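> Below are the chains, spelled out letter by letter.
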Amino acid sequence: MQPRKVPFIITTIIFAVLLIIMALSSRPGLFHGEDTAIQKEAALKKYGFYLEPDNEQAGIHFRHESPQLDPKIKNIEHLIASMGASVSVTDFNQDGWDDIYFTNSRTGSQNALYRNLHNGKFENVAGQMGVADLNKKGTGVCMGAVWGDYDNDGYPDLLVYKWGKPLLFHNEGGKKLVDVTAGSGLPAWVNANCAVWFDFNRDGRLDLFIGSYYNEAFNLQDLNTTKIMPESFRYANNGSRNYLLENMGNGKFKDVTAEYGLTSTKWTLAAGTVDLNGDGYPDLFVANDYGVNQLFMNDSGKRFVEVGSQSGIGNIPKSGMCVAFGDIDDSGLIGIYNTTITEKGILIQDNNYWQPIQEAVKSPYPKFVNLAQLAGIENAGWSWGAQFGDLNNDGYQDLYVANGFISGKSRRSYWYDYAKVTSGNKEIIGDAKNWPDMKGKSLSGYEMDKIWLNNGDGTFQDVSRKVCPPATYDGRAVAMADLWNNGALDVIVANQNNIPIIYKNIIQNHNNWIELDLRGTISNADAVGAKVLVEWDGKKQMQVVTDGIGFSSENSHRLHFGLDKSNQIDRIIIYWPSGKITTLTNPQINQLHVIKEPG
Amino acid sequence: MLSKNQDKKSNYFQYVPPAFITILLLIGQLSFGMLDSYGNLVASVVTSMIAELLLSRFILGVWRKNLASAYITGISVGILIRAPMIWPYIITALLAIMSKYVLRYKGRHIWNPSNFGVSWMLFMAPLDVAGLSIQWGSNFLGLAVIWILGLLIVYRAKRLFVTLTYVVSYIFFAYLRSLIVGDTFLAEVSPLTGPMYQLFIFFMITDPVTSVSTRKGRISVAFLVAAVECVLRLDSFIYAPFYALFLVGPVAKFMDLRKNTSVPRVALP
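So the protein sequences, as listed, match chains A and B.
Position one of the first sequence corresponds to residue 1 (this note's numbering), numbered consecutively onward.
Position one of the second sequence corresponds to residue 1 (this note's numbering), numbered consecutively onward.
Bound-form chain B, shown alone:
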């Protein structure tokens, strides 16, 4: 059972992130029309929510009332992948939600759902799916609003240190890479100014459900993600942050759960 304090936090995370990701979507769409198609977004959101609803009933035997996290997953998928057809949006959302119910340890899912779905599709289905990396605009105002809002929200959610650890680590490794490969520091920092990273640092890496239990642990994980990403970048992986989190996040969570037997089980994924 959750404590009152935890319950409060949990509620907080249930409603603020959906509102924020919706704002992010609106700013992106209204300022430079970031979506290729509303249909694709609707498909991924609807798939996520229906899958969550049905799987919860089917596997756990209860109708899940709060679909906020499924909503975030759906929107993340709708924004983060690019495909000319609608089916990749449906499949990615489906894989993301299913991963919550299948890939579990001690009653907890260990992958961030959208990170799992997006990473799998980007790596395994490159003929059908691409990422957002080079496809968003460079509107500075929109960017600033998203960063300010995002930082405020992770601050209120007490996850600012995770975001900052990652950003500082990224910048450090960007400098290191620029020395190694000889490209300018700005070229290495460039991806951080893009939209893929806004979603990544405000939603995926700070995801409370798949984070480890201690502050120190979370800082370590954020640093490790940036470090693994740096290695992947040196090997020219365009979607390095997703893959880094895909690799580091579950291992850290697994170790955390294994070590921390007192971590309370939650009823729903």
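Chain A on its own, in the form it takes in the complex:
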């Protein structure tokens, strides 16, 4: 049977057009725009703010060094030793100015605690405070740190988690951090990449969740096997157990992980806690590499129930790297941002923004819908830490995402080798000796961090190359804080095997703002878990107090709200973890309010 001439020609034309469109679809500047960088003055004029690297002026000279691992896994040492750059913001001496703590990861390297000198400069006091030399041989290497006032004495204490023995330091009135690990009940060895403080049973004491990555049986610096890698790229369950540690109130912690149902052995990289269903108890979102994320709903402080699949957030296995909370459309609903990996033509996972479905918010097990694509915040690269914050004080939360995995030889990529071995059976992928030698190759290296500006309509625009100088470090942890106490959210990015960047936020749009620092009395002293709803000018934005959020990071304890040009706030409602509710009407704007929980 011969084809009919005219229909054949029409079909051929359509076919050719489709082929051409598809061929052009991935070319830069067409369907996927490529922005050009603009200068500071232009950025200030157009966007109202500019992020200026300020390391030199601030006196921050820290440099992260990656860990050295057992020679048996030398072929992929760069791949494995690719974490450990972390940043945690706290006001450790309670002088009203936020300080910064960075972890280092090479044996013998020093961590840094930068005390804010109130004049734009910082001083490294880690040594005198007793938290510098934490990478001693045989004790493992630091991966991150979280500050939390576990004994409610008004001063934040410090947990340092490692690929090794975690360490707990008690803050002695902001003058010294004393190692109280011995006898505290912390596990002897964890290959941990995240930890968060939260009060899961609402007894007024901060408990601890530690998320682990490599199996706790391995000391990565002294291995007796090379079978340490994930059994699958998407369905790995041979990671490490996690830890839920209940604060017993006397400086001791009890392992209640199994009792509370957190028994999985996935490859956990990040965690975040917030009450998602309004029952007052903080729920737990766990981001896992090589598999699905998990959502553990808190059943009245008695157990956790994993509802990842039924809630919608745990169905598609990706590489979950980070958890950040935001309210991107001023709906008063906390959404969950979860970074993943996207590499052109090879792996398109896309980041997630899980927005709770309004009707299901009050149900025991809420459901979520992924709005990342609609919002335009799905494709960042090989993403790590992320944080929401209103960078231009226009009343909508913007988003900063750290990107880039390994920047080695710029013209040689490890992606082919990576794909080759990870497509195989678990007996192959699970053994590090089968992984091709990296030979200094890059793997999603030289990526720029993403900065997405909220358009105010639920969508974002990419201003990465426009509001700060271009930089292609291997970004890991991101934290936001008003370091200069001037009503602008500054951004601190910890980069792997490199210097961090302290971005001083210069705002020239005269937008208004308000900051809140909550102090619990019945609730835990840090008020972790408190939710704050600010209502103004027909808008309402919800934020939550956390001690640890993002990837290997902790934001300032204060909550920052931009107000645009509004010069009045209708009211602020504070939902304390204890169940108490505080309502403030017409608070003074453009200042920090320290608010104590009513007794």
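What the hints contain is simulated information worked out from the structure, not anything from laboratory work.
Please read all numbers here as calculations on a predicted model, not as lab measurements.
Accuracy of the hints is not assured; some may be wrong.
If you want a taste of the chain B side facing chain A, the calculated C-beta under 8 Å gives, among others [unchecked claim]:
(1) 83
(2) 126
(3) 157
Just so it is clear, CB atoms sit at the ideal spot from N, CA and C, and this is done for glycine as well.
Could you slot chain B onto chain A? The hints should help.
Below, chain B without anything else, positioned relative to chain A:
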């Protein structure tokens, strides 16, 4: 017109492969949930079948009754590509089916449809489409079942020699590559144990419609595909098998058709 024997074979291929690919899909989905979304799969299958139906009517003037091959194309596309949005599944399926009606020689299409659609999208639209290569599980039982079933079916279909030629050639070239690049032999063999290859060796490379006419020719083509793939792999092409078949298959088919003027024309693509 097809002979009785050919007609029998043709019928065989109409119903067994769809059943097998459905089993493969079910095993993959039930054992480790290989699909990101049922919606994407449905989109590619429905697009394939509707496109087949409409193009057959539009271009050839007949309503095509058997949509088995369109079904296979749709499922292959749904499994083999990964995209966060639904449109790449629709477009890939559409391109695959359209290629059957447009890219023809002597009344026969010369590209395996899903190979054409998938290869084009992977190569040309990398910002929107990725492949399956590193995204499936490593469940050994599921893998074994699929291999046993697959081998049985290609044996019954008298295409076992094609599969075996390719597999043996692949292993030979994997060894060769391991000597050249210095990676372990297991690392080079690794992709063969992944799901992308199960679809490739049981469906694409054995596709009866786009295969050459002689047994010797088919063996040569399978070997050549593995050889070209090896060259592409040395240049770090992740989707080397698809591209190799994309390059070798049509040339071989074209030469075969050109040489074999007696090859019967088939009424439908």
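> Take the hints in turn and mark each one as holding or not.
Here is how each hint holds up against the structure:
1. 83: holds (6 Å)
2. 126: Where the cut-off is 8 Å and the nearest Cβ of chain A is about 3 Å from residue 126/B, the hint holds.
3. 157: Interface hint status for residue 157/B: violated (26 Å vs cutoff 8 Å).
The structure fails hint 3 only (numbered hints given earlier).
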